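Chains P and A supply the protein sequences, listed in that same order.
All the letters of the first sequence, read from the start, carry residue numbers 2 to 565 under our numbering.
All the letters of the second sequence, read from the start, carry residue numbers 556 to 1241 under our numbering.
Any given hint could be a false lead.
To be verified - Okay, derived cross-link-like pairs now, DSS-like style, lysine-lysine, Cα gap no bigger than 27 Å in a straight line:
| hint | chain 1 | residue 1 | chain 2 | residue 2 |
| --- | --- | --- | --- | --- |
| 1 | A | K579 | A | K714 |
| 2 | P | K127 | P | K30 |
| 3 | P | K508 | A | K714 |
| 4 | A | K664 | P | K477 |
| 5 | A | K664 | P | K517 |
| 6 | P | K219 | P | K230 |
| 7 | A | K713 | A | K1018 |
| 8 | A | K935 | A | K713 |
| 9 | A | K856 | A | K714 |
| 10 | A | K714 | A | K610 |
| 11 | A | K583 | A | K664 |
| 12 | A | K856 | A | K1018 |
| 13 | A | K856 | A | K916 |
| 14 | A | K1083 | A | K761 |
| 15 | A | K1083 | A | K975 |
| 16 | A | K713 | P | K512 |
| 17 | A | K761 | A | K856 |
| 18 | A | K664 | A | K610 |
| 19 | A | K610 | A | K1083 |
| 20 | P | K127 | P | K33 |
| 21 | A | K713 | P | K517 |
| 22 | A | K915 | P | K508 |
| 23 | P | K508 | A | K664 |
| 24 | P | K508 | A | K1083 |
| 25 | A | K714 | P | K517 |
| 26 | P | K234 | P | K257 |
| 27 | A | K664 | A | K916 |
| 28 | A | K1038 | A | K583 |
| 29 | A | K714 | A | K915 |
| 30 | A | K714 | P | K512 |
Read the hints as simulated data drawn from the structure, not as lab findings.
Computed from a predicted model, the values in this text were never measured in an experiment.
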Amino acid sequence: MQNYLLSILIFLPLGAMVGILCLPNSQKKTFKIITLLVTGLQLLVSLVIYATYAVSKGSPAGVYHTSGFQFAERVEWIRLDLGNLGQLSIDYWLGVDGLNVMLVVLTGLVMFVGAIASWQIQTKVKGYFALYLLLSSSLMGCFVALDFFLFYLFFEFMLLPMYFLIGIWGGERREYASIKFFIYTLFGSLLILIAMIALYLSVIDPHKTARQAGLAEKSQVIDNQILTKTQDKLAEGTLPANNRVHTFGLPMMMDKANYLPNASLQPNSGSETWTMRALIFWALLLGFAIKLPIVPFHTWLPDAHVEAPTPVSVVLAGVLLKIGGYGILRIAYSIFPDMAIEYASWVASLGVLAIIYGALNALAMADLKKMVAYSSVSHMGFVLLGVASLTAEGVNGAIFQMFSHGILSAMLFIIVGVLYDRTHDRQIEHYRGLSQAMPYFTGLVMIAFFASLGLPGFSGFIGEVFTLLGSFKSTKIAIGISVVAVGGIVLGAAYFLWTLQRMFLGKFWVKDAQWKTQLHDLYPAEWLMLGGLAAATLVFGLFPSLVFNLTSQSVEVFLGLFVK
Amino acid sequence: MTFLVLFILILPLFNFFGLLFLPKSLQKFGDWLAIVGLGISFSGSIILFQYIWGKTTWQMFWLWFSFNAQSPVRVGIWLDNLSVIMLVIVCLISGLVHLFSVSYMHADKHYLRYFAYLGLFTFAMLGLVVSDNLLTLYIFWELVGLASYLLIGFWSEKKSAIRAAKKAFLINRIGDTGFLIGICLVWVYFGTWQLPDIQILISQNKPQIPIENWQMTLIGFCLFCGAIGKSAQFPLQIWLPDAMEGPTPVSALLHAATMVAAGVFLLARVFFLLNLDVLLIVAFIGTITAFMGAFAALVQKDLKKVLAFSTISQLGYMVLGMGVGAYQAALFHLLTHAFFKAGLFLSAGAVIHSLHHLGKKIDLEFDAQNMYLLGGLGQKMPFIRLSFGICGAALVGLPLFSGFLSKDAILSGAWAWASKMGEGGSYFFYIVPISAFLTVLLSALYIGRMFFLLFWGEFTLSKLYRKAENAENMLQDAPILMKIPLVILMLGSLWLGFSYTPWGSESDWLRQGLTTPVNIFLGLQTQKDLLELEHHFHFWTSIISIALIISGLLVAYLLFIRNKFDAQTLTFNSKSLYRLSHESFFLNQLYQSVLVQQGWRLAQATAHFDQKVIDTFVLVFARFWVVLGFVVAWFDRAVIDGLVNFTAAMVAWVGRVTKSFQTGGAQGFFIASIILILWIYWWVVY
């Protein structure tokens, strides 16, 4: 059972989707219940994974140790003999390590919250919930896939439900927003696709190659000696081309010895091919940058958020953006550590740019949802800064920041949704003194805002402080860059407090007198979501080791890539 | 011990959560529950004081989390003389403010919430003073900021109150960025945040990675930035005068024991890592702040504003003290100031409270904080006059009062420092003591003015408003619940508690207890010399400052009482010096036009850029492909498809032509056959 938990995470919603499609249209309530149950189960399973993830010393920590992943599943999926082009091999390979385990938990949590928030969907219910489940399954798949091809498959598959969820159930300009989102992201995927093919052509799987080349007997266990022998033969060029088993396995791509000696991405080759590696590195970075998003590739985000229905915004900000950060960690940085060091200050500058630029934009927004969307841009800048620092503090902090932002942005978008549900209006200036009409709601808003602006005790603080700490500690990032980043926390406080002042404090006033009757305080479902998320941000803010215990070992292994 | 400390900390926090979620049936006891909780905390801190003071230091820490074995992040408690005395003072002042608030706030709609916030405030400050490392100190530091935000903006329907709260939080945040950078740098260079550990590392000169002097300066300055924000030093002092928008007892708490004291406390905690450059900066910032604050306090109409500017000025003294190496004197002043400033604010609160009631009784709307309207209260409020007089005397530093001891210690410390630093014949350093003495004169002037305006002479209100005729008979002195805290604070403003003699304090228990930590940048010898010099200058300092105070008070009396200097002219805006003082050097306007407006413009420009440039570029890029698509489609239709159609048309034409032959008629066939045969025949023959 334990060995199939990850598959369950992926296929459970997929199966449920098929089930929903088979039911008649009229069973509206059933769809909702099924989705809630399935995402609930998903959350449960991800919590089981969280609880049983081994963290003791010496337990496997993954990253580039092919055997170091927990809950791993690996089956050969496609194998083609391409003659002199070698053998094509694609694995169904899933596993978790410190880099993705928290993101699996986050996905479980946010999808469940999103399912609750989806309860108020009234139109085309069947399609909505089928797509929602499909989205859930591909998001999970994205985080746990260890084979680049499989990852890419899930990565692309995510676009489809997202496109329809925004395009059909969205606001007024939904079609524009959804097509923009789709094409923008597709553009990024193309870059990733190019990188994937280039990597595939350069890398072999030493295990399978050893078998294929007859360096190991059929029944013989492949030990390190055989692996080294295979890799040596590869380096010498004495391994016949038709015996090379090319692979999409991500951990294999992180080992220099697995690269073909004359491959354009060969890490040890001279300066001539250096540009090729740099190009592919930037292609990957750009591809994920669009998802993260990094300024100036972020303009799809405010549009998509503003038009998307509340639960889709929650998922978009809560989970989807993290794929960008995760992809940079797992793929761009792990496979191209040399380039990561080379361009550290550039990447860090991009992160700082996002922090400041996003915050300034958020300050100027008149639409509450846009303000929150730009605050996401700003907060994800911290992730990039932390990753670029290549220090234990920075990378752990970046993972924490992703997790924390997942919780907080979900909370913020639900807050926007609460207001929008009641009045269908999101303009900040149309409300004043909401604390008098909705005191409990305002209380939770204050928690969300203060947690987001990095008040200690809440999770946002830990993420911000440790990414900053990493960037100060990093020898690759100039101190000036880090100092500018700290300025982001003032701006963060400014736009949140200003919004708080304008919308929630002061004398009660709303633009339309009719709204006064519509603005009642929270409903039980809203209580549950906001209260639960508020509790989560508090718990993780007070006990950051709940995250760091799981991540730190893998991060250490990850950082080992950069000192080799 | 751990248990006791945590117990002291938890009770106010419990107040916070407890009062927010108190069941209905218990709500009427809520305030007293809070006071009892704080009373227990106070007793606990007295017990701790007994254990620690002058006897030992005690540290306890736990692992919070870690990334790897080399750099654990810890949380811990560090009890030394400084932290236990702060514990006692914070609990005491907070308890008195609680007590005072029972009668001051009892009519408020959110009465219990107010006490809950007070609990949070107290908790945050208590946590701050017992923290053993910079990170937890920062955490509580921020919580203090949150609590002040909640309390300053407590009357959240009042626009000015929310603005003030936001301003306080944001200005503090600016200072905090510096603090945060400092914290990060400490981690980078020393690999730990535990203050005792850093102290050892510095004294042995063994940082984790080599550190140069300018980096030490940077760290010190960044940490000082935190204090600049929280302790309202130049140039970030502008939030403090606005912060009086909160309820007056809150101001008492905020200006005395919590919040603003935190900055000075931080300086004391990191005193050992401030190098000479930083100390110089600290001294000058303190001097400037002290002078500016006192100068701005001179002409304010609002009685709470005078007190707020006076706090800024007094904090300037403390910071100055730290800068000149008079560590003990600065902390001593922090403690004495806690009493007399709380006393002054609570007295002001009593005045406002009482006049507010009066206004309600006679149905008159007037600004109960405008000193020009409130004259001549002394007759009807003798108790408040007394408390205000005693606390004010302590503030200006009259002999027999506590302020005399602590302020003179700072002054002679500054003098000692200037003479030590200026040994080479440089008079530059004398700016600090001279300006500090000047500030003494100004303090006497504004306190004198305030005292005379409020309590001297006849009841002004009845002269100004017809409704208020004979209203002075309805004026009530403070109720008993306000009197109790004031009596205690009055006692705390006398020299008795702090010193054995009213003249000097060098050898007294308090200053003996607060030993100056070794600052290796100054050097042990220099620190000793400074202390000796301070002793040396003490006598003359006292003489000079007494002379200054008396002349200041005299001038105030002559100006405001004898000559009624500006009592009648309420709008007295023409003189530029007056404007400079009233507007507090126009710092607010400067920030408004530079930071706020330009920042807002920048934000709008960014948003504009985002929409018009970046997003438009994306759209144009996308549209380019769409247009290209149309072109290709046209090409496809017109050219490629055209060719295909042309071919097809050709075939069709040929087909049509040939088809026309096949009419199916026998005659046609017959003719065709004949033609064909004839043609073949013709071909064969020739």
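Verification of the hints:
1. K579/A to K714/A: violated (30 Å)
2. K127/P to K30/P: holds (10 Å)
3. K508/P to K714/A: Cα-Cα ~8 Å, so holds.
4. K664/A to K477/P: violated (56 Å)
5. K664/A to K517/P: holds (22 Å)
6. K219/P to K230/P: Answer holds: K219/P to K230/P is near 17 Å, not above 27 Å.
7. K713/A to K1018/A: Not satisfied, since the Cα-Cα distance of roughly 30 Å exceeds 27 Å.
8. K935/A to K713/A: Roughly 31 Å between the alpha carbons, so the hint for K935/A and K713/A is violated.
9. K856/A to K714/A: Answer holds: K856/A to K714/A is near 21 Å, not above 27 Å.
10. K714/A to K610/A: Given that 27 Å is the threshold and the Cα spacing comes to 50 Å, the pair is violated.
11. K583/A to K664/A: holds (13 Å)
12. K856/A to K1018/A: The hint holds at about 18 Å.
13. K856/A to K916/A: Within the cut-off at roughly 24 Å; holds.
14. K1083/A to K761/A: With Cα atoms ~25 Å apart, K1083/A and K761/A stay inside 27 Å; holds.
15. K1083/A to K975/A: With Cα atoms ~11 Å apart, K1083/A and K975/A stay inside 27 Å; holds.
16. K713/A to K512/P: holds (20 Å)
17. K761/A to K856/A: violated (54 Å)
18. K664/A to K610/A: violated (47 Å)
19. K610/A to K1083/A: holds (22 Å)
20. K127/P to K33/P: holds (9 Å)
21. K713/A to K517/P: Roughly 20 Å between the alpha carbons, so the hint for K713/A and K517/P holds.
22. K915/A to K508/P: holds (23 Å)
23. K508/P to K664/A: Roughly 15 Å separates the two Cα atoms, so the pair holds.
24. K508/P to K1083/A: violated (59 Å)
25. K714/A to K517/P: holds (21 Å)
26. K234/P to K257/P: holds (14 Å)
27. K664/A to K916/A: Holds, at roughly 20 Å.
28. K1038/A to K583/A: Roughly 23 Å separates the two Cα atoms, so the pair holds.
29. K714/A to K915/A: Holds. K714/A to K915/A sits at ~22 Å (cutoff 27 Å).
30. K714/A to K512/P: Satisfied, since the Cα-Cα distance of roughly 18 Å is no more than 27 Å.
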